[in-house]
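Peer 1: Chains as they are written, first to last, in the numbering used here: chain A, 1 to 471; chain B, 472 to 858.
Please keep in mind that the hints were generated in silico from the structure rather than gathered at the bench.
The reader is advised that the hints may include incorrect statements.
[Unchecked claim] Computed Cβ-Cβ distance ranges for the label pairs, DEER-style:
1. A:Gln19 - B:Glu783: 53 to 61 Å
2. A:Lys332 - B:Thr515: 30 to 38 Å
3. A:Met317 - B:Glu783: 43 to 51 Å
4. A:Ser393 - B:Glu628: 51 to 59 Å
5. B:Gly473 - A:Arg91: 54 to 62 Å
6. B:Lys832 - A:Thr344: 49 to 57 Å
7. A:Lys380 - B:Glu628: 43 to 51 Å
8. B:Gly532 - A:Trp346: 20 to 28 Å
9. B:Lys547 - A:Lys380: 50 to 58 Å
10. B:Gly599 - A:Lys380: 19 to 27 Å
Owing to the predicted nature of the structure, the values given are computational and were not obtained by experimental measurement.
For every residue, glycine included, the Cβ atom is placed at its ideal position computed from N, Cα and C.
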Amino acid sequence: MAKIASFGAYIPLFRLSRQEMANAWGVPAVPGERAVANADEDSLTMAVAAGSDCLAGIDPSTIDGLYFATTTAPYDEKQCAGVIAAALDMRTDINTADFTGSLRAATTALRAAADAVDSGSAGSILVVAADCRLGEPESMWEQLLGDGAGAVLISKQGPATLRGFTSTAGEQVGVWRRSEDRYIRSFEAKAENRYGYVKSAVQVGKAVLDKESVAPGDLAKGVISAGDPRSQGTVAGNLGLDGGKLQDCLFLSVGNPGVPLVLMMLAGALEQAKAGDKLLVINNGDGADGFLVELTEDFTPAAGRKGLIGHLLQKRMLPNYTAYASFRKLMKRDEVVPRGSAVTYWRDTNIVLNFHGGRCTKCGAVLYPIPRVCEECATKDQIEEIKLAKTGSVYTFTLDHLEAGKYVSVPVPRLVLDLEGGGRVFLSMTDGDPQEVEIGMSAEIVFRCLHEASSFHNYYWKCRPVPEAAS
Amino acid sequence: MGSIKDKTAIMGVGCTKFGELWEKDAEDLIVEAAYEAMEDAGVTPDDIEATWVGNLYDFTGLSGSVAAEPLKLFGKPTTRVENFCASGMDAFRNACFAVASGVYDVVLACGVEKLLDVGGSGLPVDMGHPVMRGASAPAMFALLATRCFHEYGWTKEDLAHVAVKNHKNGALHPKAHFRRPITLEAAVNAPMIAWPLGRFDSCGMSDGAAALVITRPEIAKKSKHKDDYAVTKANALAMNSFLPMYRASFDWLGFPATQAAAKLAYEEAGIKSPADEIDLAEVHDCFTITEILNCQDLQFCERGEGAKFIREGHADVDGTIAVNPSGGLKCFGHPIGATGCRMLCEVTKQLQGRAEGAQVKNARLGLGHNLGGPGSVSSVTILGLPE
Numbered sequence: 001m002a003k004i005a006s007f008g009a010y011i012p013l014f015r016l017s018r019q020e021m022a023n024a025w026g027v028p029a030v031p032g033e034r035a036v037a038n039a040d041e042d043s044l045t046m047a048v049a050a051g052s053d054c055l056a057g058i059d060p061s062t063i064d065g066l067y068f069a070t071t072t073a074p075y076d077e078k079q080c081a082g083v084i085a086a087a088l089d090m091r092t093d094i095n096t097a098d099f100t101g102s103l104r105a106a107t108t109a110l111r112a113a114a115d116a117v118d119s120g121s122a123g124s125i126l127v128v129a130a131d132c133r134l135g136e137p138e139s140m141w142e143q144l145l146g147d148g149a150g151a152v153l154i155s156k157q158g159p160a161t162l163r164g165f166t167s168t169a170g171e172q173v174g175v176w177r178r179s180e181d182r183y184i185r186s187f188e189a190k191a192e193n194r195y196g197y198v199k200s201a202v203q204v205g206k207a208v209l210d211k212e213s214v215a216p217g218d219l220a221k222g223v224i225s226a227g228d229p230r231s232q233g234t235v236a237g238n239l240g241l242d243g244g245k246l247q248d249c250l251f252l253s254v255g256n257p258g259v260p261l262v263l264m265m266l267a268g269a270l271e272q273a274k275a276g277d278k279l280l281v282i283n284n285g286d287g288a289d290g291f292l293v294e295l296t297e298d299f300t301p302a303a304g305r306k307g308l309i310g311h312l313l314q315k316r317m318l319p320n321y322t323a324y325a326s327f328r329k330l331m332k333r334d335e336v337v338p339r340g341s342a343v344t345y346w347r348d349t350n351i352v353l354n355f356h357g358g359r360c361t362k363c364g365a366v367l368y369p370i371p372r373v374c375e376e377c378a379t380k381d382q383i384e385e386i387k388l389a390k391t392g393s394v395y396t397f398t399l400d401h402l403e404a405g406k407y408v409s410v411p412v413p414r415l416v417l418d419l420e421g422g423g424r425v426f427l428s429m430t431d432g433d434p435q436e437v438e439i440g441m442s443a444e445i446v447f448r449c450l451h452e453a454s455s456f457h458n459y460y461w462k463c464r465p466v467p468e469a470a471s
Numbered sequence: 472m473g474s475i476k477d478k479t480a481i482m483g484v485g486c487t488k489f490g491e492l493w494e495k496d497a498e499d500l501i502v503e504a505a506y507e508a509m510e511d512a513g514v515t516p517d518d519i520e521a522t523w524v525g526n527l528y529d530f531t532g533l534s535g536s537v538a539a540e541p542l543k544l545f546g547k548p549t550t551r552v553e554n555f556c557a558s559g560m561d562a563f564r565n566a567c568f569a570v571a572s573g574v575y576d577v578v579l580a581c582g583v584e585k586l587l588d589v590g591g592s593g594l595p596v597d598m599g600h601p602v603m604r605g606a607s608a609p610a611m612f613a614l615l616a617t618r619c620f621h622e623y624g625w626t627k628e629d630l631a632h633v634a635v636k637n638h639k640n641g642a643l644h645p646k647a648h649f650r651r652p653i654t655l656e657a658a659v660n661a662p663m664i665a666w667p668l669g670r671f672d673s674c675g676m677s678d679g680a681a682a683l684v685i686t687r688p689e690i691a692k693k694s695k696h697k698d699d700y701a702v703t704k705a706n707a708l709a710m711n712s713f714l715p716m717y718r719a720s721f722d723w724l725g726f727p728a729t730q731a732a733a734k735l736a737y738e739e740a741g742i743k744s745p746a747d748e749i750d751l752a753e754v755h756d757c758f759t760i761t762e763i764l765n766c767q768d769l770q771f772c773e774r775g776e777g778a779k780f781i782r783e784g785h786a787d788v789d790g791t792i793a794v795n796p797s798g799g800l801k802c803f804g805h806p807i808g809a810t811g812c813r814m815l816c817e818v819t820k821q822l823q824g825r826a827e828g829a830q831v832k833n834a835r836l837g838l839g840h841n842l843g844g845p846g847s848v849s850s851v852t853i854l855g856l857p858e
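Throw the hints in and build the complete structure from the sequences for me.
Peer 2: Quick look at the structure:
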């Protein structure tokens with residue numbers, strides 16, 4: 001039976017108080033704050049971050065597949081899972097797939113992964129989900145949504161067993177976006193909740209409990225995805241589940257991230273779960289999915305995994321709505337697009353996406369990018385390909401006011417980094433205050449979108465100061 | 472290895488006014504510089520047997536036509552030389568080898584750039600790779616300043632001393648881009664371009680052209696400048712990594728390319744103690760930090776002493792070595808392909824005692840230095856008077 005071997009989450013560093021959004025438009029404020037992806041982030045980069053969190057301490061080459069779930073894929077035509085798998089340095093002889101179109105896509109992917117593992121076609125599959133949805137400016141949706149990502153590793157072995165998969169395919173036009181729409185549209189919320197969300201969630205929840213002969217009182221947690229605590233409470237009430245056992249749906253801290261919500265909540269529940277705990281998971285969107293998670297042993301904490309709590313604790317507040325509008329590119333600006341080459345990008349996949357370097361077998365120098373002739377000892381073609389570390393310290397830096405030929409008032413830090421274990425790279429800094437950069441500062445390397453040259457997403461690596469957890 | 476020492480001579484030099492020359496194009500500039508050099512040499516276009524032209528931006532694909540077309544040098548060779556900011560001096564180097572070999576008697580080395588036609592806010596940056604690319608030129612050089620501040624305790628004020636000195640010199644030169652002295656305070660407090668480099672730490676974005684007519688000494692002896700032609704004492708060029716920011720052994724405290732080119736040049740010229748023997752140097756101060764490091768890399772002072780060397784006045788026009796008596800790139804301007812040739816025009820006129828700006832007294836030996844890419848290439852040329 002398929003198990004959960006690991007889990008992970010990602011929340012962008014930046015949050016915006018909903019009051020700031022309300023002030024910008026002169027509309028009523030929803031309580032709390034929402035997460036906002038940086039300008040260089042999208043669903044694909046956030047999926048890489050959550051996948052990386054999930055794989056802390058796990059060799060990516062041991063995994064047989066990657067499923068990516070989202071409604072906001074950066075490509076309509078071109079698979080994202082393959083890019084994510086490369087950035088996570090996974091093997092190429094694996095099964096990759098994008099699951100999209102529905103807010104339920106994360107559990108659709110999770111179930112497909114469990115089926116693959118149960119059938120024996122894969123030993124383990126990493127499921128990552130991310131969304132970066134846009135509410136129309138001035139609308140409540142703008143305040144309610146948030147950006148984030150979640151991940152779960154489905155495997156033959158692991159501390160948590162998955163069982164009782166149940167689905168319902170209730171067609172209802174709840175929330176949607178046509179191909180030509182930028183912002184989400186929705187059915188009348190009250191009616192959608194009553195006839196769509198609550199009805200289908202309760203239906204699958206009951207079916208799972210019946211199928212697995214579990215009484216609501218036996219559950220340690222209800223991981224019930226919901227756009228707000230009130231709807232979640234209604235589902236719990238209908239199922240006879242104690243409201244105190246509900247996993248937080250991140251309404252006040254992140255906002256509704258869409259597809260990844262269920263995996264982020266699951267990560268939050270697994271962080272605190274103990275051997276013997278049973279969790280009821282219900283996910284919703286054009287119908288609903290449900291299943292039971294039972295822990296046969298404790299999850300051992302993985303070094304380097306931040307999980308949901310770690311990501312909730314590390315945050316920076318955006319000063320105002322303008323910052324949000326800038327990050328989400330709500331205002332059209334003239335962009336300078338540099339020269340690009342899909343051919344070069346493809347040929348250099350191992351250095352660009354896999355972030356591999358070289359080590360000279362003659363003199364031991366760690367080299368990046370990988371040269372034919374060693375730049376230290378000039379030996380030809382004696383370079384072995386190696387993985388480079390994703391952390392380093394600043395050797396020197398500048399705060400550059402010239403970005404793509406334009407003068408920018410907030411400078412972009414450019415950092416020369418000495419990587420742990422060798423190798424030196426030159427990366428732009430993101431997610432940080434330029435004034436805090438100093439020689440010796442620790443930085444972590446993160447996957448971001450650099451630019452759109454040659455009309456494709458030129459993903460690469462940037463770095464950011466290792467965020468400190470807020471107390 | 473052979474030597475160029477005393478084998479080639481400069482017959483004549485020409486240089487345009489440097490600056491934001493909106494109303495002139497590359498044709499105007501190269502015609503003005505080349506005709507001034509030919510007039511100075513007492514030759515005509517027909518006497519020019521071959522031409523080398525330094526030019527970097529923009530990447531037009533104009534090739535040898537950059538010089539051959541405006542000067543109508545048809546029926547004979549012209550070669551465009553592109554070697555980052557050393558393009559002009561490398562054009563001169565190749566021209567020297569051509570006359571030294573005896574294949575040609577009289578050749579033209581020139582350089583031209585119309586930077587303002589490409590854009591006014593910094594050099595275009597394109598390293599050819601979609602995602603692994605360098606940053607702006609100020610940012611690349613700022614990486615050295617940051618590390619030097621950390622290692623040597625230098626400050627913004629140390630950088631400002633370079634700007635103040637070069638503006639003082641440039642203000643005296645009628646062909647310089649900027650002709651206004653500045654205060655230390657103004658330099659320190661100027662708007663930031665790439666921390667810690669501000670506006671007065673950066674050279675100007677300038678248009679301009681410069682040209683030299685080159686021959687062998689036996690011909691120069693019978694020419695217009697028969698009594699005061701300059702001779703080549705050394706002509707060295709060295710490359711280093713184009714990707715220093717990826718190189719763990721690069722210390723960001725100086726430029727190995729300059730150190731290597733200087734060593735080659737001093738050996739070629741037979742110079743044992745550069746600080747004592749050289750009277751003036753036009754060095755590549757694209758940024759203030761670069762001039763400080765050049766003084767160290769060219770062995771004018773010890774490593775770590777560059778800021779002190781300049782602060783104490785050793786680089787002043789009446790100091791130990793007059794560094795950038797023209798005002799340098801900082802003040803004279805830096806039209807990339809023209810700069811190397813412009814420096815050698817300046818050094819020649821200093822040696823001849825006819826400097827247009829501040830004249831260095833009793834100048835007998837002068838040095839020109841280019842650095843580019845940002846540390847990919849360095850060129851060091853030493854000129855002197857005939858024995």
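Peer 1: What hints, given by number in increasing order, does this structure fail?
Peer 2: Of the numbered hints given earlier, those the structure breaks are 2, 4, 9, listed in rising order.
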